[in-house]
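2 protein chains.
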Amino acid sequence: TADRGQQLAGIQGLVLDISGVLYDSGGEAGGLPIPGSIDAVKKIKASGLRLRFCTNETQATRDKFVEKLQRLGFDIAVNEVTAPATAACRILKERNLRPHLLVHDDLVPEFDQIDKANPNCVVIGDAADNFSYQNLNEAFRVLIGLEKPILISLGSGRYYKETDGLKLDVGAYMKTLEYACDIQAEVVGKPAKTFFQSALAEMGVEPQQAIMIGDDIVNDVGGAQQCGMKALLVRTGKYRPCDEQHPQVKADGYVDNLAEAVDVILKQLHK
Amino acid sequence: TADRGQQLAGIQGLVLDISGVLYDSGGEAGGLPIPGSIDAVKKIKASGLRLRFCTNETQATRDKFVEKLQRLGFDIAVNEVTAPATAACRILKERNLRPHLLVHDDLVPEFDQIDKANPNCVVIGDAADNFSYQNLNEAFRVLIGLEKPILISLGSGRYYKETDGLKLDVGAYMKTLEYACDIQAEVVGKPAKTFFQSALAEMGVEPQQAIMIGDDIVNDVGGAQQCGMKALLVRTGKYRPCDEQHPQVKADGYVDNLAEAVDVILKQLHK
Chain A
1 TADRGQQLAG IQGLVLDISG VLYDSGGEAG GLPIPGSIDA VKKIKASGLR LRFCTNETQA
61 TRDKFVEKLQ RLGFDIAVNE VTAPATAACR ILKERNLRPH LLVHDDLVPE FDQIDKANPN
121 CVVIGDAADN FSYQNLNEAF RVLIGLEKPI LISLGSGRYY KETDGLKLDV GAYMKTLEYA
181 CDIQAEVVGK PAKTFFQSAL AEMGVEPQQA IMIGDDIVND VGGAQQCGMK ALLVRTGKYR
241 PCDEQHPQVK ADGYVDNLAE AVDVILKQLH K
Chain B
1001 TADRGQQLAG IQGLVLDISG VLYDSGGEAG GLPIPGSIDA VKKIKASGLR LRFCTNETQA
1061 TRDKFVEKLQ RLGFDIAVNE VTAPATAACR ILKERNLRPH LLVHDDLVPE FDQIDKANPN
1121 CVVIGDAADN FSYQNLNEAF RVLIGLEKPI LISLGSGRYY KETDGLKLDV GAYMKTLEYA
1181 CDIQAEVVGK PAKTFFQSAL AEMGVEPQQA IMIGDDIVND VGGAQQCGMK ALLVRTGKYR
1241 PCDEQHPQVK ADGYVDNLAE AVDVILKQLH K
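Residue numbers (this note's numbering), protein chains in the order written: chain A, 1 to 271; chain B, 1001 to 1271.
Be aware that one or more of the hints could be misleading.
Ranges between beta-carbon positions, derived for each pair [said to hold, decoys possible]: (1) A/SER25 x B/LYS1064: 49 to 55 Å; (2) A/GLY165 x B/PRO1109: 26 to 32 Å; (3) A/HIS246 x B/LYS1064: 41 to 47 Å; (4) B/PRO1247 x A/LEU51: 54 to 60 Å; (5) A/PRO241 x B/SER1132: 39 to 45 Å; (6) A/GLU147 x B/GLY1030: 30 to 36 Å; (7) B/ASN1079 x A/HIS246: 56 to 62 Å; (8) A/GLN134 x B/LYS1267: 51 to 57 Å; (9) A/ALA29 x B/ALA1117: 38 to 44 Å; (10) A/PRO247 x B/ALA1117: 42 to 48 Å; (11) B/ASP1106 x A/GLN134: 52 to 58 Å; (12) B/PRO1109 x A/GLN134: 24 to 30 Å; (13) B/GLN1226 x A/LEU51: 23 to 29 Å; (14) B/ILE1144 x A/HIS246: 57 to 63 Å.
Read the hints as simulated data drawn from the structure, not as lab findings. For each residue, glycine too, the CB sits at the ideal point set by N, CA and C.
Start from the sequences, fold in the hints, and give me the full structure.
Following this line, the structure appears as structure tokens:
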């Protein structure tokens, strides 16, 4: 339609959520591609549009996460993915912050290029067994020793499920340090504005030139719109019909899946 | 004065804070008696008034804490002290709650008489090194598995100081479980109404028949008044002159120390 054509004027890049948009997680292979999504990614890349993947995953390094998606058939590279650790590194560099890390051992390599001497902030991630009393106290002492304590949290999840039961997620321990220091953490990850801004900066695209495509009406659609982007909701993944009547958030469009979203966008752009 | 005499009509029991009222903590002996306080306790006991000690201490068992006070010269017995663990046990019994304990090993004996099979609540204390990821997850799973999760926290402190540095206190970990389960903990200890009620029940005295004497305008004086008791503020311990102009809380009287408080009370009662 004419409306859609106007909406898409000046679009230069797409930002894709991964889980629930590219694939559904679980099972022996670690997940199943959502029909049409593998081809949709190829079409975006062929179109000349810039592309960025934007995920809240923090249980694995980007490397391992991307390896899984490649095995499932996706044309995706590590340096195309914005994950909380990546975004945190960008923030740390921009603000000359030297983190004390309270994260999973597997995530530490993500911070290889970051100066960690004489820390002036704390970065907390899903540290799992590294959430010992001693490690929490160490992070706490770094914070309470700072004139203006800065706590950066890689997500704000409450808990998640593993094969051996429910586990406390990073958000629960973020609250430990928030309360002890009487501060508010800066949460990195969707729906934080800085997280989307980080993805856009990696693409070299302005918010009004980008479209977010996700299955989460609040964290994907609402978050992207807050940042000045347009956003489409797909009817896959965690989507539920009531999301289309969400009291606060209205998507710029509702599509059955990523394949339809890409077809609509490319058709309008090539008019 | 006539006013004071009327205020004290029907008084049958006194509730004393310990730290900052009986003694100041610290130093090699673990503390120093506040001048006149040892005698003041003796006078109360000789007067026939009922007496209860009410503390927020949770770093030691009542036994060890009371041993220290006895060494300092106080006539005090373990069964005269209301501490958070004692109060929690009373609550557990009253409500048929069977706790999963996340507390310091030294505190476990306080719960010897409590049924802990098939837990239907969690009691969290200053567990120190017992605050491992595994132990937190265990407590979390008990809570999240309950239809109506009940979390009882022995205090809500943020942190405290030990010789080897600052340590996270129970309140910080209370927040971990509160956030993970989206619940509010029931905090035992001053200024909680249930805590004072527990002390009163141990004495067999009604709120309007009791006077609280403390050095904390909010937790001692305000808490006791909320519970229907009268309350005096002593000018010892953590007292600061600005406490007498507190915007929310007005004590029923201000006295220089416990000795003066006891003299005033006994003089009026014997009129």
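Going through the hints against the structure:
Checked against the hint of 49 to 55 Å, the pair A/SER25 and B/LYS1064 passes, with Cβ atoms roughly 51 Å apart. Between A/GLY165 and B/PRO1109 the C-beta distance comes to about 29 Å, which sits within the given range of 26 to 32 Å. For A/HIS246 and B/LYS1064, the hinted distance range of 41 to 47 Å is not satisfied, since their beta carbons lie about 56 Å from each other. About 57 Å separates the C-beta atoms of B/PRO1247 and A/LEU51, a value consistent with the hinted range of 54 to 60 Å.
Distance hint check: the CB atoms of A/PRO241 and B/SER1132 are about 43 Å apart, consistent with the given range 39 to 45 Å. Checking the proposed 30 to 36 Å range against A/GLU147 and B/GLY1030 shows it holds: the Cβ atoms sit about 33 Å from each other. Taken as a hint, the range 56 to 62 Å holds for the pair B/ASN1079 and A/HIS246, whose Cβ atoms sit roughly 58 Å apart. The supplied range of 51 to 57 Å is met by A/GLN134 and B/LYS1267, whose beta-carbon atoms lie about 54 Å from each other.
A/ALA29 and B/ALA1117 have their C-beta atoms about 42 Å apart, which keeps the hinted 38 to 44 Å range intact. The given range of 42 to 48 Å is respected by A/PRO247 and B/ALA1117, whose C-beta atoms sit roughly 45 Å from each other. Evaluation of the 52 to 58 Å hint for B/ASP1106 and A/GLN134 yields a failure: the beta carbon distance comes to about 19 Å. Between B/PRO1109 and A/GLN134 the Cβ separation comes to about 25 Å, which falls inside the hinted range of 24 to 30 Å.
In this structure the hint that B/GLN1226 and A/LEU51 lie 23 to 29 Å apart at CB is violated, the actual value being about 60 Å. Under the hint 57 to 63 Å, the C-beta atoms of B/ILE1144 and A/HIS246, about 26 Å apart, miss the expected range.
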